[in-house]
Amino acid sequence: MAGIYVYSDQVDIAKEIIACGKSTAKPVTVLTLNGEDARALEDSGADRIRLITGSSEIIENYAQAIAGLLQAEDAELFAVGATPRGRDLAARVAGYLDCAMVSDVATIDYQNQAFTCTRMLYGGLVQQTETWQGLGVVTIAGGKFAPLKGAKKAPTDTLELAADTRVKLIETAPMVRQEVDIGRAEKVVCVGMALDKVEDLQLAKDLADVINAEIGCTRSIAEERHWLPVSSYIGISGAVIKPRLYLSMGVSGQIQHVYGIRDAQLIVAIDINEKAPIFKAADYGVVGDLYEVVPLLIEALKKK
Amino acid sequence: MSHIIVCYKWVLDEADIRVNADLSVDIGKAKGKISDYDKNAIEAAVRAAAALNGKAIGLTYGGSEAKLSIKDALSRGLDECYYLNGPEALKTDGAGTGRALAAAIKRINDVRMVICAEGASDTYARQTAPRIGALLNLPVVTSVSQISIQGELLTAKRTLDDCVQTVQVRLPAVVAVLPEINPGPIPGLKAVLAASKRPQFEMKTADLGIDLVPLSTVADIRGYVMDRKNLIFRDGDTAARGSALATALRKAGVV
Chain A
0 MAGIYVYSDQ VDIAKEIIAC GKSTAKPVTV LTLNGEDARA LEDSGADRIR
50 LITGSSEIIE NYAQAIAGLL QAEDAELFAV GATPRGRDLA ARVAGYLDCA
100 MVSDVATIDY QNQAFTCTRM LYGGLVQQTE TWQGLGVVTI AGGKFAPLKG
150 AKKAPTDTLE LAADTRVKLI ETAPMVRQEV DIGRAEKVVC VGMALDKVED
200 LQLAKDLADV INAEIGCTRS IAEERHWLPV SSYIGISGAV IKPRLYLSMG
250 VSGQIQHVYG IRDAQLIVAI DINEKAPIFK AADYGVVGDL YEVVPLLIEA
300 LKKK
Chain B
0 MSHIIVCYKW VLDEADIRVN ADLSVDIGKA KGKISDYDKN AIEAAVRAAA
50 ALNGKAIGLT YGGSEAKLSI KDALSRGLDE CYYLNGPEAL KTDGAGTGRA
100 LAAAIKRIND VRMVICAEGA SDTYARQTAP RIGALLNLPV VTSVSQISIQ
150 GELLTAKRTL DDCVQTVQVR LPAVVAVLPE INPGPIPGLK AVLAASKRPQ
200 FEMKTADLGI DLVPLSTVAD IRGYVMDRKN LIFRDGDTAA RGSALATALR
250 KAGVV
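Residue numbers (numbering that gives the first Met the number 0), protein chains in the order written: chain A, 0 to 303; chain B, 0 to 254.
Chain B extracted, bound-state conformation (with noise of 0.2 Å):
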């Protein structure tokens, strides 16, 4: 059977992150969340799963947290899912994950694709699918909008910045999908409850015999913060604050 798998990622929630005055970062209120990105890639993998009769399975690579994240990911249509657990994740860079997803998917049996998105709503690297291709010596389509599947045969177009091309591979593939592949729907409650019954696997990164530590060292973290002028018309009549705008931008010489 035709295992079609889609790594994701369990990230911070950017919106719970607060940068303090002297730009340091406190995640400490951060909710985790299945990155925003990777609900479309899991939606891509259940389709094809279907399209070559296949399972659909999720492969999470994350620390003890990303534990969170197994449910929300089979209520998305997964048959199995994965769970790649090891502490460096959290401090890990794009070779590191590269290295971890790579030998975790070499222990699935009769894998046809792997899917990801093009990136993580944290880093936005975009340096997976590739490392995924070249470590595992599988051909690689990035930047994907849209796919059709014949037998073995997968047929992409490549949202590009100044074309959309039409590329073919024999499968096993792997697959970057841009978010406009397909909606990445909000499970509704059947799929919820059926996910609690959907089989589980923890691996550890430990067990995987590979180099764990990443080969690019963080050496400084801070917030950014725009440094712009911030000048906000509240007061006064609705008219008297849109002609105090317009008055703003003559001065600015933008109209």
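Chain A with its partners taken away, still in its complex shape (with noise of 0.2 Å):
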């Protein structure tokens, strides 16, 4: 079947892509590696579902043989959702296929027999348009597509491709969430480089008890300060989020950031710099010491 292929490790992106793929009027066809996750697609506006069989549990091993199928079947797009899982083995389908590939797409259109995208360069600062001839690979994040509901069942087929096994997995370990996952909270306080030490990281947990928040920070405070677990922080190489709110405290507000926060509801940042970037990307912002301003402020909420 032409058309388009869709692939997600998080069936419900996979479903969103699905939607976004009907929007075409092409045929779709869903790949996947996972039994319960077929069954989960039925009735997600899918063609067909194909369930991958094979000898490895890692879906980037079949990628050869997924370019193989790609091909074979004549399909025009492969539209992959982008996870780790799902970028990699995109990226190596379209090395296998040598074709054109965009990657985390905002948006993707079909016109004049041709898709063309649009993506985000420098950190979020500069959009491009693109487009190609032919079969070409694009990653799409969640989100960004509302899924289908109620759609006529798809029927499911069994597909056993053949996977590359040098790379063996040894063992898989869920991610230790101590802290609550920072993509789906509601509210968050974020701490940037002007704070001094790690103690002061109690301001903030003051602050996000007074609001009912769960505190981000940026790259460096996790990667360079170790302050605070990588899975906290929010930018382009880390958590992208779309909160109710997002309130932050001594943060510059540099492009690859507020790329993870582009999309929040309700922006709020305090600095000690009215030049900082933070405020051009903000609702609404306070220029002050945040070790003035936000004792402060949780004194002003406290008061209803």
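Hint data in this document are derived by calculation from the structure and do not stem from the laboratory. The reader is advised that the hints may include incorrect statements.
As the list claims (entries may be wrong) - Within a straight-line C-alpha distance of at most 25 Å, the following computed SDA-like cross-link-like pairs (lysine to any residue) qualify:
hint, chain 1, residue 1, chain 2, residue 2
1, A, Lys302, B, Arg249
2, A, Lys279, B, Ile220
3, A, Lys167, B, Asn136
4, B, Lys250, A, Arg261
5, B, Lys250, A, Leu295
What the hints assert, rightly or not - Some chain A residues flagged as far from chain B (calculated, every beta-carbon gap over 12 Å):
hint, residue
6, Lys25
7, Leu32
8, Glu35
9, Glu41
10, Tyr109
11, Ala145
12, Lys151
13, Ala153
14, Glu159
15, Met192
16, Ala193
17, Asp199
18, Gln201
Claimed, not checked - Short, incomplete list of chain B residues facing chain A, as computed with Cβ under 7 Å:
hint, residue
19, Glu13
20, Ala49
21, Gly93
22, Ala94
23, Ser142
24, Ile146
25, Val163
26, Gln164
27, Val166
28, Gly241
29, Ala245
30, Val253
Note that this is a predicted model, so its numbers are computed, not measured. Beta carbons are placed, not taken as given, at the ideal position from N, Cα and C, and that holds for glycine.
Hints are included, so try docking the two chains, each in its own frame, into the full complex.
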């Protein structure tokens, strides 16, 4: 079957991409390595579900086989959910096909027999529109499209594919979530490098408690100072979040960090430097020393 | 002797890029730098070379300005550096980059590892390592946060979104490392001085005999400007500003 092929290791993202694919009126086939996901995808709007079986549990190991499948089936597009596994698989498939690939597309359209998409460069400063001819690969992050509901049930068939067995899975350890997943937090208080010492995280926690928020940080706080785990840092190479409220203290607002919060409903910043780039990205802000402003803000918020 | 190649990119410093009022993008004042995450990758290669008793070799693909990167790269502990020179590099895409780097790597002997950062700080496309692996038919491991090497066996921890995988692969392999793999320290004076004595080699893409035409074309480039209220409280004493913010947050219904 020609048309659009979809894969995501996260079934919710697969459903969203299927919906996007169906908007082009082309047939959509979804691939999965997981029987449970195959069942969950039955009413996703896909025309067909193909459950991959083979000797590896690592989806990326099927890249060469999937590339061959796409060619054999005359596929027009391979759309993959932008997760670590998805991006790896997608780029390998693009490598085996030696075809065009656009990563982390913000939008994708089908017009005049070609796909056109937009993506961000320079940490989110620049938006680029790209197009190509023939079979191409894109990765799409979750949350861009609404999934279809109650679509006609799609048939599932089993697809045996040869796996690359060179990379072997030894062990899988679930993420140790001592903290709440910052990506799912409704409200986030974010600390930046203007914080003097690790004990000052308490100030952030006090504020977070008053407004019922989780704590996040900038990349340097996690990777250089190691004050918070890597899973807490927000930015293009970390968590990209969409909370109702993002409130930063002592964050200058470098573009790579702002990329991680651009879809937040409300962005609020507290920083001593009135020229800090964060203020251009903010809905509300206070110029001032966070050590003075935050305690006063906490007090003001406590007064009902 | 084992050769560990680390691919790095000379990019424009995004801090110098300006978006004009009409959303056109002005890169006129932008200086070049080694992509932020490549500094971590270079250090990872230097450490891997030590573990394998081999040489850490830098490889960069770029236009004429990329030559400026070599001294910085060598001062980070690399034994040698290759500069793949091609004017088309400035307008290339993932496909073109993959082909060019794969072709260059083929010309270097005894390659045991190819290390790349997960993504470059300008595009963060995360395509390079997987594409190189596919083109050279080498195994690929991405999202790597930790590596250990025993003889021919590489054990890597992959930090994915929902778990940490431990995988093993026999070298040679292509590895894409996350910034958390190790720091990318600022070189000391001794290292900077040693850099000028280390071998540098230039290759021209025109000599590689590959198709250099990018597969995706750029139809438009414009600045992305955040469209936010920008209500910044700067006047009055601190208490007044804090109070004004609290009021705004209440009105917005977020507290």
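Status of each hint after checking the structure:
no.	hint	in the structure
1	Lys302/A / Arg249/B	11 Å, holds
2	Lys279/A / Ile220/B	21 Å, holds
3	Lys167/A / Asn136/B	16 Å, holds
4	Lys250/B / Arg261/A	21 Å, holds
5	Lys250/B / Leu295/A	18 Å, holds
6	Lys25	20 Å, holds
7	Leu32	14 Å, holds
8	Glu35	15 Å, holds
9	Glu41	23 Å, holds
10	Tyr109	14 Å, holds
11	Ala145	21 Å, holds
12	Lys151	30 Å, holds
13	Ala153	25 Å, holds
14	Glu159	21 Å, holds
15	Met192	15 Å, holds
16	Ala193	15 Å, holds
17	Asp199	17 Å, holds
18	Gln201	18 Å, holds
19	Glu13	4 Å, holds
20	Ala49	22 Å, violated
21	Gly93	5 Å, holds
22	Ala94	6 Å, holds
23	Ser142	4 Å, holds
24	Ile146	13 Å, violated
25	Val163	5 Å, holds
26	Gln164	5 Å, holds
27	Val166	5 Å, holds
28	Gly241	3 Å, holds
29	Ala245	4 Å, holds
30	Val253	4 Å, holds
Of the numbered hints given earlier, the model fails hints 20 and 24; all others are met.
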